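Visitor: Could you build the full structure based on these sequences and the hints that come with them?
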Amino acid sequence: MAKKKSFPAKPKSKNLDVLKAWEKKCADVKKFNDGIDKETAERAKVVERVKKMKAK
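Start counting the sequence shown at 37; every next residue gets the next number (my numbering).
Be aware that a few hints might be false.
To be verified - PhoX-like, lysine-lysine: derived pairs with alpha carbons at most 20 Å apart:
| hint | residue 1 | residue 2 |
| --- | --- | --- |
| 1 | K40 | K67 |
| 2 | K60 | K46 |
| 3 | K66 | K39 |
| 4 | K74 | K40 |
| 5 | K92 | K81 |
| 6 | K74 | K41 |
| 7 | K61 | K50 |
| 8 | K39 | K67 |
| 9 | K40 | K66 |
| 10 | K60 | K48 |
| 11 | K66 | K46 |
| 12 | K60 | K50 |
Bear in mind the hints are in silico, worked out from the structure with no lab data behind them. The structure presented is a predicted model; accordingly, all values stated were derived computationally and were not measured.
Guide: And the structure:
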């Protein structure tokens, strides 16, 4: 299973291009981590369904 990515450190630079690139990286990391959370939730649902089937 994929590990969650950590957010990049905020740059000390006041350069707008650098800050915009940092914001984009943060957005990409958030999107990636949300995808993992969604996958994990779906996998948990499947596991529950299988447990119920085995219990019958």
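Visitor: Decide, hint by hint, whether the structure agrees.
Guide: Now for the hints, and whether the structure bears them out:
1. Distance check on the hinted pair: K40 and K67 sit about 11 Å apart at the alpha-carbon level, within 20 Å; holds.
2. About 12 Å separates the Cα atoms of K60 and K46, which keeps this hinted pair within 20 Å; it holds.
3. Taking the CA atoms of K66 and K39, the gap is near 13 Å; set against the 20 Å cutoff, the hint holds.
4. Restraint check: the Cα-Cα separation between K74 and K40 comes to about 12 Å, which is no more than 20 Å; the hinted pair holds.
5. A threshold of 20 Å between alpha carbons decides the hint, and for K92 with K81 the separation of about 17 Å falls inside it, so the pair holds.
6. As the CA atoms of K74 and K41 are separated by approximately 15 Å, the hinted pair is consistent with the 20 Å bound.
7. Taken as a hint, the K61 and K50 pair is honoured in the structure, with Cα atoms around 17 Å apart against an allowance of 20 Å.
8. Between the alpha carbons of K39 and K67 the distance comes to roughly 13 Å, so the proposed pair stays at or under 20 Å and holds.
9. As the CA atoms of K40 and K66 are separated by approximately 9 Å, the hinted pair is consistent with the 20 Å bound.
10. The hinted pair formed by K60 and K48 meets the criterion: a straight-line CA distance of about 16 Å does not exceed 20 Å.
11. For the proposed pair K66 and K46, the alpha carbon gap of about 15 Å is at most 20 Å, so the pair holds.
12. The straight-line distance between the Cα atoms of K60 and K50 is roughly 16 Å, inside the 20 Å bound, and the hint therefore holds.
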